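Engineer: Work out the full structure, taking the sequences as your base and the hints as a guide.
Top to bottom, those sequences are chains P and V.
Here our numbering is used: the first residue of the first sequence is 8, the next is one more, and so on.
Here our numbering is used: the first residue of the second sequence is 8, the next is one more, and so on.
Please note that the accuracy of each hint is not assured.
Straight-line C-alpha distance at most 20 Å; calculated DMTMM-like pairs for lysine to aspartate or glutamate [what the hints assert, rightly or not]: (1) V:Lys-169 to V:Asp-238; (2) V:Lys-366 to V:Asp-339; (3) P:Lys-366 to V:Asp-424; (4) P:Lys-366 to V:Asp-104; (5) V:Lys-366 to P:Glu-31; (6) P:Lys-235 to P:Asp-104; (7) P:Lys-235 to P:Asp-372; (8) V:Lys-219 to V:Asp-238; (9) V:Lys-366 to P:Asp-104; (10) V:Lys-169 to V:Asp-196; (11) V:Lys-366 to P:Asp-424; (12) P:Lys-235 to P:Glu-412; (13) P:Lys-219 to P:Glu-67; (14) P:Lys-169 to P:Glu-67; (15) P:Lys-235 to P:Asp-386; (16) P:Lys-169 to P:Asp-54; (17) P:Lys-366 to V:Glu-31; (18) P:Lys-219 to P:Asp-238.
These are computed hints drawn from the structure, not numbers from a lab.
The structure presented is a predicted model; accordingly, all values stated were derived computationally and were not measured.
Each chain, letter by letter, is given below.
Number of protein chains: 2
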Amino acid sequence: MNVSMSVEDYMVDLGRRARAAAREVARASGAQRSGALTAIARALEADREIIQAANTLDLEAGEASGLDAPMLDRLRLDDAAIARMIEGVRQVNSLPDPVGAISDLDYRPSGIQVGRMRVPLGVIGIIYESRPNVTVDAAALCLKAGNATMLRGGSEAIESNKAIAASIRRGLRAAGFVEDAVQLVATTDRAAVGHLVRMSAYVDVIVPRGGKGLIERISAESRVPVIKHLDGNCHVYVDAAANAAMAVDIVVNAKCQRYGVCNALESLLVHVDRAAEVLPAIDARLAAEGVEVRGCELTREVIARAVAATEADWFEEYLGPILAVKVVPDIDAAIAHINHYGSAHTDAIVTDDYGRARKFLAEVDSSSVMVNASTRFADGFEYGLGAEIGISTDKLHARGPVGLEGLTTLKYVVLGDGQIRQ
Amino acid sequence: MNVSMSVEDYMVDLGRRARAAAREVARASGAQRSGALTAIARALEADREIIQAANTLDLEAGEASGLDAPMLDRLRLDDAAIARMIEGVRQVNSLPDPVGAISDLDYRPSGIQVGRMRVPLGVIGIIYESRPNVTVDAAALCLKAGNATMLRGGSEAIESNKAIAASIRRGLRAAGFVEDAVQLVATTDRAAVGHLVRMSAYVDVIVPRGGKGLIERISAESRVPVIKHLDGNCHVYVDAAANAAMAVDIVVNAKCQRYGVCNALESLLVHVDRAAEVLPAIDARLAAEGVEVRGCELTREVIARAVAATEADWFEEYLGPILAVKVVPDIDAAIAHINHYGSAHTDAIVTDDYGRARKFLAEVDSSSVMVNASTRFADGFEYGLGAEIGISTDKLHARGPVGLEGLTTLKYVVLGDGQIRQ
Numbered sequence: 008m009n010v011s012m013s014v015e016d017y018m019v020d021l022g023r024r025a026r027a028a029a030r031e032v033a034r035a036s037g038a039q040r041s042g043a044l045t046a047i048a049r050a051l052e053a054d055r056e057i058i059q060a061a062n063t064l065d066l067e068a069g070e071a072s073g074l075d076a077p078m079l080d081r082l083r084l085d086d087a088a089i090a091r092m093i094e095g096v097r098q099v100n101s102l103p104d105p106v107g108a109i110s111d112l113d114y115r116p117s118g119i120q121v122g123r124m125r126v127p128l129g130v131i132g133i134i135y136e137s138r139p140n141v142t143v144d145a146a147a148l149c150l151k152a153g154n155a156t157m158l159r160g161g162s163e164a165i166e167s168n169k170a171i172a173a174s175i176r177r178g179l180r181a182a183g184f185v186e187d188a189v190q191l192v193a194t195t196d197r198a199a200v201g202h203l204v205r206m207s208a209y210v211d212v213i214v215p216r217g218g219k220g221l222i223e224r225i226s227a228e229s230r231v232p233v234i235k236h237l238d239g240n241c242h243v244y245v246d247a248a249a250n251a252a253m254a255v256d257i258v259v260n261a262k263c264q265r266y267g268v269c270n271a272l273e274s275l276l277v278h279v280d281r282a283a284e285v286l287p288a289i290d291a292r293l294a295a296e297g298v299e300v301r302g303c304e305l306t307r308e309v310i311a312r313a314v315a316a317t318e319a320d321w322f323e324e325y326l327g328p329i330l331a332v333k334v335v336p337d338i339d340a341a342i343a344h345i346n347h348y349g350s351a352h353t354d355a356i357v358t359d360d361y362g363r364a365r366k367f368l369a370e371v372d373s374s375s376v377m378v379n380a381s382t383r384f385a386d387g388f389e390y391g392l393g394a395e396i397g398i399s400t401d402k403l404h405a406r407g408p409v410g411l412e413g414l415t416t417l418k419y420v421v422l423g424d425g426q427i428r429q
Numbered sequence: 008m009n010v011s012m013s014v015e016d017y018m019v020d021l022g023r024r025a026r027a028a029a030r031e032v033a034r035a036s037g038a039q040r041s042g043a044l045t046a047i048a049r050a051l052e053a054d055r056e057i058i059q060a061a062n063t064l065d066l067e068a069g070e071a072s073g074l075d076a077p078m079l080d081r082l083r084l085d086d087a088a089i090a091r092m093i094e095g096v097r098q099v100n101s102l103p104d105p106v107g108a109i110s111d112l113d114y115r116p117s118g119i120q121v122g123r124m125r126v127p128l129g130v131i132g133i134i135y136e137s138r139p140n141v142t143v144d145a146a147a148l149c150l151k152a153g154n155a156t157m158l159r160g161g162s163e164a165i166e167s168n169k170a171i172a173a174s175i176r177r178g179l180r181a182a183g184f185v186e187d188a189v190q191l192v193a194t195t196d197r198a199a200v201g202h203l204v205r206m207s208a209y210v211d212v213i214v215p216r217g218g219k220g221l222i223e224r225i226s227a228e229s230r231v232p233v234i235k236h237l238d239g240n241c242h243v244y245v246d247a248a249a250n251a252a253m254a255v256d257i258v259v260n261a262k263c264q265r266y267g268v269c270n271a272l273e274s275l276l277v278h279v280d281r282a283a284e285v286l287p288a289i290d291a292r293l294a295a296e297g298v299e300v301r302g303c304e305l306t307r308e309v310i311a312r313a314v315a316a317t318e319a320d321w322f323e324e325y326l327g328p329i330l331a332v333k334v335v336p337d338i339d340a341a342i343a344h345i346n347h348y349g350s351a352h353t354d355a356i357v358t359d360d361y362g363r364a365r366k367f368l369a370e371v372d373s374s375s376v377m378v379n380a381s382t383r384f385a386d387g388f389e390y391g392l393g394a395e396i397g398i399s400t401d402k403l404h405a406r407g408p409v410g411l412e413g414l415t416t417l418k419y420v421v422l423g424d425g426q427i428r429q
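Structural biologist: Take a look at the structure:
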């Protein structure tokens, strides 16, 4: 950033360049975008040492300012992390090109032929916290979908992000591709975010990645549409007709495979007829994993070690080794509980009953609804999207894992032979 | 509205009822929603006289307060207008049920089967101006898509809207369907709109219908996603390879068939090699229709009566018998002009050249892009959507005419046999 510029002027300048670049990216052929991604992967390969030197500066500054060990871990770009970043670019590049595909080109009674073409959104602003690999992942995915990006990373990763962005741009230049297709907001001034989310003339969508606090703040402030991911208070409902062994496996996997992720299980619901049988079996496994149980009264009759759950527990996303457990009288109570207390992220039923499986799928109002599978599958890779920019808990535009399709939109195309309207 | 209630309490009460009703509507079968629509059509039929008596009160009040003749016309529910309203409900009811359809249910390497289910958005707030028929049209379309609605019409139509809403609710009651699926904001207090667009706990999307001023105000204020329709500064580009007779017909139809609509032509671009041939032929027809021409310098060399266009003319949506005309050196200049000055609504090329037709379709960044057809076709009925709630000039979620699909969203469904994540 030119020091003589105000933050606002700087951001408007970036925005104008992004808008101009977005037109060029959208106009580029799939082969050209693919060539640019290949060149980016090569540039990152060549610039490993520069990137790691910059990362060392961030790590030193982070240690000096007292960042905790997990934060430093997320910040660190060791050889394996860089290799994963580069591999990620190549994986994204191997996905089918979504841009320009025309679907449903049907004739209408007037004689015109109407279809829809998948096209880029334009300029995507990404706001993220400490992990510098997001700089590469987000830029690659957005570019594959034909968009320009404005990347605003966390201040603790600024040197790493600058080095990565410079490398990406070297790659773009080497491919003869418009460099401004990927721009880093290279200032740690917090006012930059305020400008970014208000520049609706230059930015088409904002994707914030980080904690709930960050995302709520950005959504409240933004004048640009936001694809947002709030909390994941995920449920498993063990139905009256559940296979008990399957229920135990799914609950333990959904809760314990990883604790700090949005698709981890937070609240377990169990049909009253199965509580005495299934809950002790689940509890034995949870206790072995060191998971605390907070239960309703009926739960506590079966699981002696469970502490009493409060109303707040049913709303809680623990992101840790705690599980809330409630015994419910029937599937309607389970669905009502999920739709009321849940966060509309991912919810699963375990059942062998056909009708109740269909009912659960239809009536649970969440971005992912599952039968006989672990909530941990709610993920762009597992769903076959190839990669994801995030998981949307919004209802409009993109819901659930957001891949290339969520980074594009559909416009109508009309082919005629001179038709006029009567 | 209960007079002892504050506007805020009143709106929160409506919102809570709408949220509860939305769950019931979403749970209803297609046959039940269809039965409700049939009953609404019957109730409106039975209540014709009550509705017209209420409408007379609005018309009298409107005359007394000095509404102009076009406003009174839009407000008037004569026999034909009521018949159209009822026919509209039946047409919407005859559309295929979009709710619950599952697509792309593919197996993944883990063994889970992942697809997407089309589901209602939930609660839709419609804010509109004088035409009381919107009360019926919007309620019917939203209900068909499985949503509950909160309808806020113009104050000048309040008595008509109350009578219509009461009739709709009589129909819902007769069908044994949840009445709160359709609620009218029965107060003319302007604060009600402010509450409606901020109740993100109860309202999932706002659809404003009216002038650009209303829509900009609502978008600025709203904390709920807005499907908005701003202006339609539509273009026709007559290419070097255009069929001259077709170009003349399309331009005249797009400009003159109706002036006050968003898909009418506002700016004509003509390739420099065809200006001397095509522009006089177009002008002869436009002059006969009484259309004023505002042209660039080269246009004025060919059309003597044209006045000089200013920079502001290229941005203008006239909605009247005026056309801006510019001669351009090539298709790139035409596309650049459209993407810069246009409103990304609807733009057409007239050409017999295959490559330039493809280029125009790919590079014009508008909600509808056409080859050899009049811009006037940009319309939900003409596109085969059956009906439309409006035309979106947004890029996210719905772009162009918004029908049943735009009033729904997709959630992921996952079918497993006990899969857990490794």
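Engineer: Determine for every hint whether it applies to the structure shown.
Structural biologist: Checked hints:
1. In summary, the hint linking Lys-169 (chain V) to Asp-238 (chain V) is not supported, as the alpha carbons are separated by about 30 Å, beyond the 20 Å threshold.
2. Pair hint Lys-366 (chain V) plus Asp-339 (chain V) holds up; C-alpha atoms about 9 Å apart against a cutoff of 20 Å.
3. Of the pairs offered as hints, the one joining Lys-366 (chain P) and Asp-424 (chain V) holds, with about 17 Å between alpha carbons and a cut-off of 20 Å not exceeded.
4. Among the hinted pairs, Lys-366 (chain P) with Asp-104 (chain V) is consistent with the structure: their alpha-carbon atoms are about 18 Å apart, no more than 20 Å.
5. A C-alpha spacing of about 13 Å is found between Lys-366 (chain V) and Glu-31 (chain P), which places the hinted pair at or below 20 Å, so the restraint holds.
6. A hinted pair counts as satisfied when its Cα atoms are at most 20 Å apart, and Lys-235 (chain P) with Asp-104 (chain P) does not qualify at roughly 24 Å.
7. Note on Lys-235 (chain P) and Asp-372 (chain P): the hinted pairing holds, with a Cα-Cα distance of about 17 Å set against a maximum of 20 Å.
8. Of the pairs offered as hints, the one joining Lys-219 (chain V) and Asp-238 (chain V) holds, with about 7 Å between alpha carbons and a cut-off of 20 Å not exceeded.
9. For the suggested pair Lys-366 (chain V) and Asp-104 (chain P), the alpha carbons sit about 18 Å apart, so the restraint of at most 20 Å is met.
10. Only pairs whose Cα atoms come within 20 Å are accepted, and Lys-169 (chain V) paired with Asp-196 (chain V) is accepted, the gap being roughly 15 Å.
11. A C-alpha spacing of about 17 Å is found between Lys-366 (chain V) and Asp-424 (chain P), which places the hinted pair at or below 20 Å, so the restraint holds.
12. For the given pair, Lys-235 (chain P) sits about 16 Å from Glu-412 (chain P) by alpha-carbon distance, which is consistent with the 20 Å threshold.
13. Annotation: proposed proximity of Lys-219 (chain P) to Glu-67 (chain P) is violated, straight-line Cα distance about 28 Å (limit 20 Å).
14. For the suggested pair Lys-169 (chain P) and Glu-67 (chain P), the alpha carbons sit about 16 Å apart, so the restraint of at most 20 Å is met.
15. Under the criterion of a C-alpha separation no larger than 20 Å, the hint pairing Lys-235 (chain P) with Asp-386 (chain P) is consistent with the structure, at around 15 Å.
16. For the hint linking Lys-169 (chain P) to Asp-54 (chain P), the alpha-carbon distance of about 12 Å falls within 20 Å, and the restraint holds.
17. A C-alpha spacing of about 13 Å is found between Lys-366 (chain P) and Glu-31 (chain V), which places the hinted pair at or below 20 Å, so the restraint holds.
18. Between the alpha carbons of Lys-219 (chain P) and Asp-238 (chain P) the distance comes to roughly 7 Å, so the proposed pair stays at or under 20 Å and holds.
The structure fails hints 1, 6, 13 (numbered hints given earlier, in ascending order).
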